[in-house]
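Undergrad: Sequence:
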Amino acid sequence: MNIRDITQRIKWQEGTPESPKGTSDATKYRTIKRIQTMADAIEAQFPSVRYCNQIKLKHMKYLKEAWFDNEGFAPSTMADYTRAMRLMIKALGKERHWFGHLGLVQDPTRGGRRVVSRVTKTRSRNRR
Numbered sequence: 001m002n003i004r005d006i007t008q009r010i011k012w013q014e015g016t017p018e019s020p021k022g023t024s025d026a027t028k029y030r031t032i033k034r035i036q037t038m039a040d041a042i043e044a045q046f047p048s049v050r051y052c053n054q055i056k057l058k059h060m061k062y063l064k065e066a067w068f069d070n071e072g073f074a075p076s077t078m079a080d081y082t083r084a085m086r087l088m089i090k091a092l093g094k095e096r097h098w099f100g101h102l103g104l105v106q107d108p109t110r111g112g113r114r115v116v117s118r119v120t121k122t123r124s125r126n127r128r
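Everything in the sequence shown is counted per this note's numbering, starting at 1 for the first residue and increasing by one.
Hints are computed from structural coordinates only; laboratory data are not their basis.
Each hint should be verified, as a subset may be incorrect.
Below, a list of computed lysine to aspartate or glutamate pairs in the EDC-like style, where the Cα atoms sit at most 16 Å apart [as the list claims (entries may be wrong)]:
id: 1; residue 1: Lys56; residue 2: Glu43
id: 2; residue 1: Lys64; residue 2: Asp40
id: 3; residue 1: Lys61; residue 2: Asp40
id: 4; residue 1: Lys61; residue 2: Glu95
id: 5; residue 1: Lys58; residue 2: Glu43
id: 6; residue 1: Lys61; residue 2: Glu43
id: 7; residue 1: Lys58; residue 2: Asp5
id: 8; residue 1: Lys33; residue 2: Asp5
id: 9; residue 1: Lys94; residue 2: Glu14
id: 10; residue 1: Lys56; residue 2: Glu95
id: 11; residue 1: Lys33; residue 2: Glu14
id: 12; residue 1: Lys28; residue 2: Glu14
id: 13; residue 1: Lys11; residue 2: Glu43
id: 14; residue 1: Lys56; residue 2: Asp40
id: 15; residue 1: Lys28; residue 2: Glu43
id: 16; residue 1: Lys61; residue 2: Glu71
id: 17; residue 1: Lys33; residue 2: Glu95
id: 18; residue 1: Lys28; residue 2: Asp80
Starting from the given sequences, assemble the full structure and let the hints guide the process.
TA: Printed below as a string of structure tokens:
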């Protein structure tokens, strides 16, 4: 499955003069690779889903409830895939509706990893 529409909406944290470290290339590569792996798993299980805009809540539920368990991931790897899933859902623009159903709503008081990426809502049609 081509995930170009998803990856175009992801904007990675850039370095600033105060904090010269931005998102590393390895982090970007791993996250995009995980999103691609999840998209390929959806396409393998649901052959009618050929484009990322066809992904529905039931496909994400399949990933979370069946695919994660069948792959036998370690807890840390599953957490990485869950972060990539959150980013994928945000890039699809479905976070408001899907996070609650998938149990991905984060408690802001618990803390967690720092955010190194964000998702743009719209993309200028004139930019390449």
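Undergrad: Quickly compare the C-alpha distance for Lys56 and Glu95 to 16 Å and report which way the hint goes.
TA: holds (12 Å)
Undergrad: Is the straight-line distance between the alpha-carbon of Lys11 and that of Glu43 16 Å or less?
TA: violated (25 Å)
Undergrad: So if I understand the rule, the pair passes when the alpha-carbon distance is 16 Å or less; does Lys33 with Asp5 pass?
TA: Status holds; Cα separation ~15 Å.
Undergrad: Are Lys94 and Glu14 close enough, with their CA atoms no more than 16 Å apart?
TA: violated (25 Å)
Undergrad: Can you confirm whether the C-alpha distance between Lys56 and Glu43 stays at or below 16 Å?
TA: Answer holds: Lys56 to Glu43 is near 12 Å, not above 16 Å.
Undergrad: For the pair we were handed, Lys61 and Glu71, check the Cα-Cα distance against 16 Å.
TA: holds (15 Å)
Undergrad: Within a Cα-Cα threshold of 16 Å, do Lys61 and Asp40 meet the stated pairing?
TA: The given pair, whose Cα atoms are some 15 Å apart, holds under the 16 Å limit.
Undergrad: Can the restraint linking Lys28 and Glu14 be considered satisfied, given a maximum Cα separation of 16 Å?
TA: holds (12 Å)
Undergrad: Regarding the pair Lys64 and Asp40, is the alpha-carbon distance no greater than 16 Å?
TA: holds (14 Å)
Undergrad: Between Lys58 and Asp5, does the CA-CA distance stay at or below 16 Å?
TA: With Cα atoms ~20 Å apart, Lys58 and Asp5 exceed 16 Å; violated.
Undergrad: For Lys56 and Asp40, compute the direct alpha-carbon distance and say whether it is at most 16 Å.
TA: Within the cut-off at roughly 14 Å; holds.
Undergrad: Within 16 Å, alpha carbon to alpha carbon, are Lys58 and Glu43?
TA: holds (13 Å)
Violated hints, in rising order: 7, 9, 11, 13, 15 and 17; the structure is consistent with all others.
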